[in-house]
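For the protein sequence lines, the chains are Y and U, in the order given.
For the first sequence, my numbering gives the first residue as 60, with consecutive numbering after it.
For the second sequence, my numbering gives the first residue as 60, with consecutive numbering after it.
These are calculated hints, taken from the structure and not from any lab test.
Please note that the accuracy of each hint is not assured.
You can't tell identical chains apart in this list, so a pair holds if it fits in one copy or across any two.
[Stated by the list, open to error] Straight-line Cα separation of at most 27 angstroms, DSS-like style, residue types lysine-lysine; simulated pairs:
1. K93 / K196
2. K121 / K240
3. K203 / K181
4. K133 / K69
5. K186 / K133
6. K181 / K69
7. K203 / K240
8. K69 / K127
9. K64 / K120
10. K175 / K196
11. K186 / K175
12. K266 / K203
13. K186 / K121
14. K93 / K175
Model, not experiment: these values are computed from the prediction.
There are 2 protein chains.
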Amino acid sequence: METFKVIRIKGTDREIIEDLVVEEVPLTLNIGDKELVTLLCMPSDLEDLVAGFLFTSGLIKKIQDIKKIVINRKQWVARIDLATADIEMVFKRLYTSGCGRGTLFYNAADIINRIKITSDFKIEPVKINALMLDFQKKSEIYLKTGGVHSAALADTSGILIFAEDIGRHNAIDKVIGHGLKRDISFENKIMITSGRVSSEVLLKTQKCKIPVIISRSAPTNQAIKHASDAGITLVGFARGSRLNIYSAEERIS
Amino acid sequence: METFKVIRIKGTDREIIEDLVVEEVPLTLNIGDKELVTLLCMPSDLEDLVAGFLFTSGLIKKIQDIKKIVINRKQWVARIDLATADIEMVFKRLYTSGCGRGTLFYNAADIINRIKITSDFKIEPVKINALMLDFQKKSEIYLKTGGVHSAALADTSGILIFAEDIGRHNAIDKVIGHGLKRDISFENKIMITSGRVSSEVLLKTQKCKIPVIISRSAPTNQAIKHASDAGITLVGFARGSRLNIYSAEERIS
């Protein structure tokens, strides 16, 4: 976080205050010497972000495919050494059908769509309420700056991994990257997100075979359709004692 | 909007309701026969979105560079015919230093950064309060689905252009695309956004020489720095009779 001098106006009052603002950096991912992508992100948990991004984008199959990640925090470059010799193949996966926002995930979508979630994991609504309360309490930077999204991996006993970022996709990638690093089984876990659930968000969690995704916000129609097809439980507007179930309701008992 | 059957839980009550959900489509932009990018977006104002995206990404210099945009709403493809013969150059602009989220704008950033905003446009806080109230009233889909961002172009007399999308960048691109089409001068206007102001958002408005950007939400540190350097007035947390001024305060009189 960085402090800025801000003029705060309320009605006709005008005062100069010091305010905390969330940090943003452009992190460029290089595989070997080749530039892959630049992520605009908050400069925390950057190794987790890189690992999660590579995995959810389908560029690596498992965490062991990464030999080393070195983050240069002066130039904001992540240098990635992969275990595979076939780096050209990784780039081909990225570039084949155009590039930029969205495409990445739609390239991977054909494969991901075949993943059916059959986990018999179950959770009670009252436990979801408790998890969401805990989730909000953990959102420290949000409370101070109002500028970030949060994501968390949880089970019925509580939150296991928590991350924040200026982008809702990045926060989810950080959580997934951390989970991969710790070799956590995703198949009996819940992904919690502060942000809206679009098809991209859903594909990321589907890739990890996470059976339940819970959001404080709204889903899109495509996210609901993907979730129904894949057997993923999608919960939205989880606030206070309320929640909406959009698909695979049998897991909310 | 699409209607879905939803299980709504409140405490121990469980009921099945019909709920409206925002639509998401993957719109692939083709220049001639060549695929450029896929945008995940709401299927409204798609021509404006395409024009705005091409402009704010630095792929076209003016609206006249576009000869034709044809939207195929079955396959969700936008076929773009450019006036320039040098389509390779357009792709080169996109691909030179990697591709994907963020990079696009950082490629363009060097050039955009040289744009200094010297407009002597001024607006009173009380007028900003009124604009924000009007802005919220216009956010119909948000009120129904809770799932979208809004953006608007305004002057001191009121809102001129308004657009919604599942992505805050898309909503801004739609407004800018519409403004370009109508040949509106941006230099004495305000951009209003429901979303957070990151450096990407700021670069988009800077490209149009819009002197004031106002958000209901928070800015990032990079957005504040860019705004200060470029002489753009950045206002955040504009809610009710409150607002925070982060840069170029002389325009808020």
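Are there hints from earlier that the structure breaks, and if so, what are their numbers? 1, 3, 4, 5, 7, 8, 9, 10, 12, 13 and 14
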